[in-house]
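> Using the sequences and the accompanying hints, generate a full structural model.
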Amino acid sequence: MQVAEFRTQLHAWLDAHHAELAPRVSLPGTLDERVAQMQRVKSLLFDAGWMRYGWPERVGGLGGSPMLRTELGAALAARDLADPGLFSLIEVLAPTLIDFASPALAAEVVPKLLSGAELWCQGFSEPGTGSDLSSLRCRAVPDGDPRTASAWLIRGQKVWTSLAQYSDRCVLLTRTGPPDSRHRGITAFLVDMHAPGVAVAPLEMINGEREFAEVYFDDVRVPADHMLGELDGGWTVAMNILPHERSSCFWQRIAYLYRRLERLVELAPEDDRAADVIGNAYVQLHALRSRSRTTQHRLAAGATLGAETSIDKVLVADAEQATYDAVRRLLPGVVETDDSTEGEGWRIEYLYSRAATIYGGTAEVQRNIIARRLLDLGSEA
Amino acid sequence: MEAAEREVLDAAVGDAIRREAAKGGAAVDEALMGLGWLEMLHAEPRDAIDCVFRSLGANAAVASVLDDVVVSALGTKPHADLAVLLPRYGEWDPPETDGLVSARAATAGAVLVVGRAGAELRASTVPISAVELCPVRGIDPDAGLCTAHVHGDRAAATRLDAEAWDAAVAVGRRAVAGQMAGACRTMLELARAHALERVQFGHPIARFQAVRHRLAEAFVAIEALEAALTAADDEPNLMTAALAKALAGRAARTVATHCQQVLGGVGFTTDHPFHRFLKRTMLLEGVFGSADEIVGAVGRRLLVTREVPTLIEL
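If you read the sequences in order, they're chains A and W. Using our numbering, you'd call the opening residue of the first sequence number 907 and step up by one each time. Using our numbering, you'd call the opening residue of the second sequence number -17 and step up by one each time.
Read the hints as simulated data drawn from the structure, not as lab findings. Keep in mind that a hint or two might mislead.
[Said to hold, decoys possible] Pair ranges (Cβ atoms, derived): (1) A:Asp1282 <-> W:Glu12: 57 to 65 Å; (2) A:Thr936 <-> W:Gly57: 57 to 65 Å; (3) W:Gly6 <-> A:Glu1270: 42 to 50 Å; (4) A:Ser949 <-> W:Glu102: 39 to 47 Å; (5) W:Glu102 <-> A:Asp1231: 52 to 60 Å.
[Said to hold, decoys possible] Far from chain A, some chain W residues (derived; all Cβ distances over 10 Å): (6) Ala112; (7) Pro123; (8) Leu225; (9) Gly246.
[As the list claims (entries may be wrong)] Here's a subset of chain W near chain A, in silico, CB distances under 8 Å, partners left out: (10) Ser111; (11) Ala206; (12) Glu289.
Quick caveat, the model's predicted, so the values are computed rather than measured. For every residue, glycine included, the Cβ atom is placed at its ideal position computed from N, Cα and C.
Right, here's the structure in full:
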């Protein structure tokens, strides 16, 4: 199906089924409520087929361009039907299974993720591993010879694991080479979060929510056929996520930011200062949306995305912060003192937006990449 | 236009503009006319405008092709003898009697003038003798811009569609934004080359993170502008062109600030070419409205309509 045709039919269906899909509580609601809403919406969309477009048939999909699922995520974000940050986690999890799991494992588990029957998380960051991912230390050791072992034992700690406390499985990066093997000695696994030895401790964020968690693995046994990709090939698995994260996930985030700016425009005073502040956020969102669109067209045309997506990352972070800066300036006191449901929503989102220049590679790391790889300035002093 | 065809066009136009730039606007105009500029503008306006204006910007060259772009958007057949009255500096309303004229003022026989008569939009062609011209020296006298005042009544005015002026502003903004993108790329290339060459404290300054991040910042601004230009070409309308022009103004400021800083002392002299691009982009920012004015106008529109249109889709 063509993207434009899909969009038209999707929106017609979403209009017709609004009552079933709409959140049961006033937004933002609690994180528990937002997670439950997302899983309920996924289930309805999966049964109606929408959740299956853009995914391969061998994992329960209906095929078609990945842009179809991007359109779906953007439509849900623009209608406040699912939190885009949580919903778009599918884009960093399912492709990993499709590209790196055994066909049997992918066929078994991916439909559970798409249909909302399960929730998964991504275990990459560690206490000592922020922007420098290749320094990770969480160990996986074979139960016997590494080539023939039927299982691996995992011991270590992860942090910033989104939704770990709700998750059934985790795409986990582990150290399988020597401690100093950097990106060469990393292996990925799909780990059962209900297995003995897994402990989850949610972290309270600056906005009061507990979206992230610390996850501890104490000799957790993982079947060898749950290895994703090659032994010591985990870096390839991690890098494969980048194109998805920086195309589809961004487009969904962008749709949501337009939605939030529209709400601000409804509430803001109609004066010259507001016009300047709104115009500023809008021009940044437009630059970002334009950039993201060209990136996705390149991806759809078969290009391999790489360092140039650091531009997209810088633009998305700046536009997100500009949008919430506009909120704080034009709705004085709301972020700081408004205890209504809507005030709480703005406060949570304003505070969350401060992380946009930190997660997924900090603003500084992106500029280092741009200087080194795109401007070809050579190595640093 | 196919990519291969576009490459040939870029090379031909780039060569001509580089060769003739030092001789002034009339020589560049003649070279572009010789390459079939007016035919290209008619047959392949998207590529013609992007290629020619980008190259003008990249070489800080002067030409009066903006006249042809605006004239043609107003539904009149462009030719080398016809200039157009552009809006006053920093504005975009139909100029009526007072506005700007490009370097073509020196050679044109007539000027196309658009104004409002009540609710109606009207255009008339007035002889150059009826236009009082005053060269703008300002920050960039080489650009050849003049302020213009049109004398006398214009009984022979023809009626235009209500949207004709908006269309002319949109395509004019798109053209100038492309020119500014070209200039931004050259500024960054000059600063990059300097950073790799200039040694201080025993290293090329390109190795220092503070310098690298400035150049990265400039590059991000240019890439954002490029994306907005593509959006304006794929979905041409008043809003996408306005946003492209606003982003051009912003990019030029960001790029000029960081590149001038990286260029240090040498960028502060007229021995180095940087100053020409700085001054040209400063001047161009006010043609069809500055970034700040456009951003304010766009913001007012969003507040009045209480809608935030997404403008482009996948």
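> Run the C-beta distances from W:Leu225 to all of chain A and say if the shortest one exceeds 10 Å.
Violated: least Cβ distance 5 Å, not greater than 10 Å.
> Check the following: the C-beta atoms of A:Thr936 and W:Gly57 are separated by a distance inside 57 to 65 Å.
With Cβ atoms ~60 Å apart, the hint holds.
> Any CB of chain A closer than 8 Å to the CB of W:Ser111?
violated, 42 Å
> Against chain A, does W:Ala112 keep a CB gap of more than 10 Å to every residue?
holds, 38 Å
> Return holds or violated for the Cβ distance of A:Ser949 and W:Glu102 against the range 39 to 47 Å.
Violated: the Cβ-Cβ distance is about 59 Å, outside 39 to 47 Å.
> Given the hint of 42 to 50 Å, is the C-beta distance from W:Gly6 to A:Glu1270 inside that range or not?
Once the Cβ atoms are compared, 46 Å apart, the range 42 to 50 Å for A:Glu1270 and W:Gly6 holds.
> Could one say that the CB atoms of W:Glu102 and A:Asp1231 fall in the range 52 to 60 Å?
violated, 43 Å
> Cβ-Cβ distance between A:Asp1282 and W:Glu12: within 57 to 65 Å?
Taking Cβ atoms as reference, A:Asp1282 and W:Glu12 lie about 38 Å apart, which means the hint is violated.
> Under 8 Å is the threshold here; is the Cβ of W:Ala206 close enough to any Cβ of chain A for the hint to stand?
holds, 4 Å
> Quick one: work out the minimum CB distance from W:Pro123 to chain A and report holds if it exceeds 10 Å, violated otherwise.
holds, 31 Å
> If I take the minimum Cβ distance from W:Gly246 to any residue of chain A, is it greater than 10 Å?
holds, 16 Å
> Measuring from the C-beta of W:Glu289 to each C-beta in chain A, is the shortest one below 8 Å?
Holds - the Cβ of W:Glu289 comes within 8 Å of chain A, reaching about 7 Å at its closest.
Violation of the numbered hints given earlier is confined to hints 1, 4, 5, 8, 10; the remaining hints are satisfied by the structure.
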